[in-house]
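Chains as they are written, first to last, in our numbering: chain A, 153 to 464; chain B, 153 to 464.
Hint data in this document are derived by calculation from the structure and do not stem from the laboratory. Any given hint could turn out to be false.
Copies of the same chain look alike in the list, so a pair counts if it works inside one copy or between any two.
Stated by the list, open to error - With a straight-line Cα cutoff of 25 Å, these simulated SDA-like cross-link-like pairs (lysine to any residue) come out:
hint: 1; residue 1: Lys323; residue 2: Leu358
hint: 2; residue 1: Lys353; residue 2: Pro417
hint: 3; residue 1: Lys323; residue 2: Ala376
hint: 4; residue 1: Lys323; residue 2: Arg288
hint: 5; residue 1: Lys323; residue 2: Gly437
hint: 6; residue 1: Lys353; residue 2: Asp368
hint: 7; residue 1: Lys159; residue 2: Glu209
hint: 8; residue 1: Lys275; residue 2: Gln239
hint: 9; residue 1: Lys353; residue 2: Pro340
hint: 10; residue 1: Lys292; residue 2: Asp216
Next come the chains, spelled out residue by residue.
Protein chains: 2
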Amino acid sequence: MTLRAVKASAPGSLMLMGEHAVLRGQPAIVCAINKRMTIALTPRADRTVRLHSALGEHETTLDDLAPNESFRFVLGAIRACRADFQQGFELDIRSGMSHQMGLGSSAAVTVATLAALAGAQDKEPAPGYLLEAGTRIIRKVQGGTGSGADVAASTYGGALRFHAASLEVVKLPKAPQLTVLYSGSKTPTPEVIAIVEENRKQQPELFDRLEALIGDAVQRAFAAAARADWLALGELMNINQGLMDALGVNNAALAALVYALREDPHIHGSKISGSGLGDCVVGLGKAMRRDWGVPSLAVKVDPLGARVEALP
Amino acid sequence: MTLRAVKASAPGSLMLMGEHAVLRGQPAIVCAINKRMTIALTPRADRTVRLHSALGEHETTLDDLAPNESFRFVLGAIRACRADFQQGFELDIRSGMSHQMGLGSSAAVTVATLAALAGAQDKEPAPGYLLEAGTRIIRKVQGGTGSGADVAASTYGGALRFHAASLEVVKLPKAPQLTVLYSGSKTPTPEVIAIVEENRKQQPELFDRLEALIGDAVQRAFAAAARADWLALGELMNINQGLMDALGVNNAALAALVYALREDPHIHGSKISGSGLGDCVVGLGKAMRRDWGVPSLAVKVDPLGARVEALP
Numbered sequence: 153m154t155l156r157a158v159k160a161s162a163p164g165s166l167m168l169m170g171e172h173a174v175l176r177g178q179p180a181i182v183c184a185i186n187k188r189m190t191i192a193l194t195p196r197a198d199r200t201v202r203l204h205s206a207l208g209e210h211e212t213t214l215d216d217l218a219p220n221e222s223f224r225f226v227l228g229a230i231r232a233c234r235a236d237f238q239q240g241f242e243l244d245i246r247s248g249m250s251h252q253m254g255l256g257s258s259a260a261v262t263v264a265t266l267a268a269l270a271g272a273q274d275k276e277p278a279p280g281y282l283l284e285a286g287t288r289i290i291r292k293v294q295g296g297t298g299s300g301a302d303v304a305a306s307t308y309g310g311a312l313r314f315h316a317a318s319l320e321v322v323k324l325p326k327a328p329q330l331t332v333l334y335s336g337s338k339t340p341t342p343e344v345i346a347i348v349e350e351n352r353k354q355q356p357e358l359f360d361r362l363e364a365l366i367g368d369a370v371q372r373a374f375a376a377a378a379r380a381d382w383l384a385l386g387e388l389m390n391i392n393q394g395l396m397d398a399l400g401v402n403n404a405a406l407a408a409l410v411y412a413l414r415e416d417p418h419i420h421g422s423k424i425s426g427s428g429l430g431d432c433v434v435g436l437g438k439a440m441r442r443d444w445g446v447p448s449l450a451v452k453v454d455p456l457g458a459r460v461e462a463l464p
Numbered sequence: 153m154t155l156r157a158v159k160a161s162a163p164g165s166l167m168l169m170g171e172h173a174v175l176r177g178q179p180a181i182v183c184a185i186n187k188r189m190t191i192a193l194t195p196r197a198d199r200t201v202r203l204h205s206a207l208g209e210h211e212t213t214l215d216d217l218a219p220n221e222s223f224r225f226v227l228g229a230i231r232a233c234r235a236d237f238q239q240g241f242e243l244d245i246r247s248g249m250s251h252q253m254g255l256g257s258s259a260a261v262t263v264a265t266l267a268a269l270a271g272a273q274d275k276e277p278a279p280g281y282l283l284e285a286g287t288r289i290i291r292k293v294q295g296g297t298g299s300g301a302d303v304a305a306s307t308y309g310g311a312l313r314f315h316a317a318s319l320e321v322v323k324l325p326k327a328p329q330l331t332v333l334y335s336g337s338k339t340p341t342p343e344v345i346a347i348v349e350e351n352r353k354q355q356p357e358l359f360d361r362l363e364a365l366i367g368d369a370v371q372r373a374f375a376a377a378a379r380a381d382w383l384a385l386g387e388l389m390n391i392n393q394g395l396m397d398a399l400g401v402n403n404a405a406l407a408a409l410v411y412a413l414r415e416d417p418h419i420h421g422s423k424i425s426g427s428g429l430g431d432c433v434v435g436l437g438k439a440m441r442r443d444w445g446v447p448s449l450a451v452k453v454d455p456l457g458a459r460v461e462a463l464p
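Can you make the complete structure from the sequences, with help from the hints?
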């Protein structure tokens, strides 16, 4: 079979609720956002694989697939399906989001790569496949950690409830508007997870109960969001924020932004988005205030998940 | 019987853990602190009652007991036992603590007044009486609210676990060192309690679970403190802080101080002390840092509860 040229894309994502607890059987709510990762795949006659992005260049072969830190998720996705390929290809990767802000760029690039590789073989990539394979690849690259919630959002689009064990996805009929502030620093997610595990060792039963409470708040939040009750959703986000603080993943910079957002009359609730100890804070609603003294982003939920189309 | 001149005193107090949940059946940990309220009682031949303090002067009679905002707790205590008195008296009230910092000055002045009134009649005030009568008076003056935890600390001294419904008090064998920072503003406790009640109405089952979790953390903290495991106590204070945030009683100023304290190598944990939305933040340990940009207090737990002695 001859490869065809395709363009694939997948949205970035934002965790709305349920971080950490999602790794222990609880549901999470995650949103695809209108910042997409786009990948153009051009077939080659030889077995060379060339990757281009704003982060750099990498050239290897289907046989070697030499590692490269900047392209570890893309290379992980290629490795997962290289048995299907006789021809090499070039991938031109363009990101609509900062990879520093923790907006699910790893999941988006993994899903977009899988979609491009499927599309190049003239297959329509099934969402179930993208979610399952994408989650497996990300966990492998990250040394075992990763809920897959961001992969689910990049795959399906929209705002959705996600269970990690079953990879069950339920979409919300209506998506909220969000305001995102970047705290200016980042602790890598696997490090934050290790810190929470360390805290959990001191008080395992309390942590079980904390995580069950987060799960309970997420279920109630999903029901509130399903009836577009944004006031109730905001209140539940605020409760979830306190529970994340209890897990030990809040800090002074994040707390300051969380409370600054709650001062805004258009914001119904606010919390850390993602694993914590850095990255972003999300407010429910489109804030009135424009200048926050930190990078900010008015984010719309992107209803479109992963897409692939043939290039002429 | 002729009254005798006495001097009574009672320590102020600091809530260490369990605020709000203590009003719903959960235990709290409260500490008497080495800032005392002292009251000298001088008998009079007539039925006049004169009160002096740094807050002002008030003159009334045993028959009138005219209200006065500055002396409402003292007048509440006198009203509770005025049937025992044929003679009036003067009370000279001296406070070793700021009444703005929420260090249990209302409870301390109530307990000290009850102790002085008992001592003037040559009775040794029983702790059970001071706790029961003090709690009743404070709740009456405050329109129903008040756990009595501060009354228990003012009565018994030391660091203790307290249940509001049973007024059960269990002392800790060893008391921790504490650092207290004043946030610069105050919301009256009854107002904060009303805000929590309003939040609770939106999510009653979640609030039940939050408060049960606070109670669980307090029980574990008491066990940790009983074996002088300050690291574990600090960790549990941090968890309790997150749960208070989830109740909705944290704010930007308090959060900033909570995180500033945790940066100090001598502080094992930190949280809001008292009902929240203002007042103080308490750190477990004697902080290394001296200047916090806000009023600070190195506090020792006072092992002595309410005292009364005859004056010559």
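Status of each hint after checking the structure:
no.	hint	in the structure
1	Lys323 / Leu358	between (31 Å within a copy, 24 Å between copies)
2	Lys353 / Pro417	between (40 Å within a copy, 21 Å between copies)
3	Lys323 / Ala376	within (13 Å within a copy, 45 Å between copies)
4	Lys323 / Arg288	within (22 Å within a copy, 53 Å between copies)
5	Lys323 / Gly437	within (19 Å within a copy, 48 Å between copies)
6	Lys353 / Asp368	both (22 Å within a copy, 16 Å between copies)
7	Lys159 / Glu209	within (19 Å within a copy, 83 Å between copies)
8	Lys275 / Gln239	within (16 Å within a copy, 99 Å between copies)
9	Lys353 / Pro340	within (20 Å within a copy, 38 Å between copies)
10	Lys292 / Asp216	within (18 Å within a copy, 80 Å between copies)
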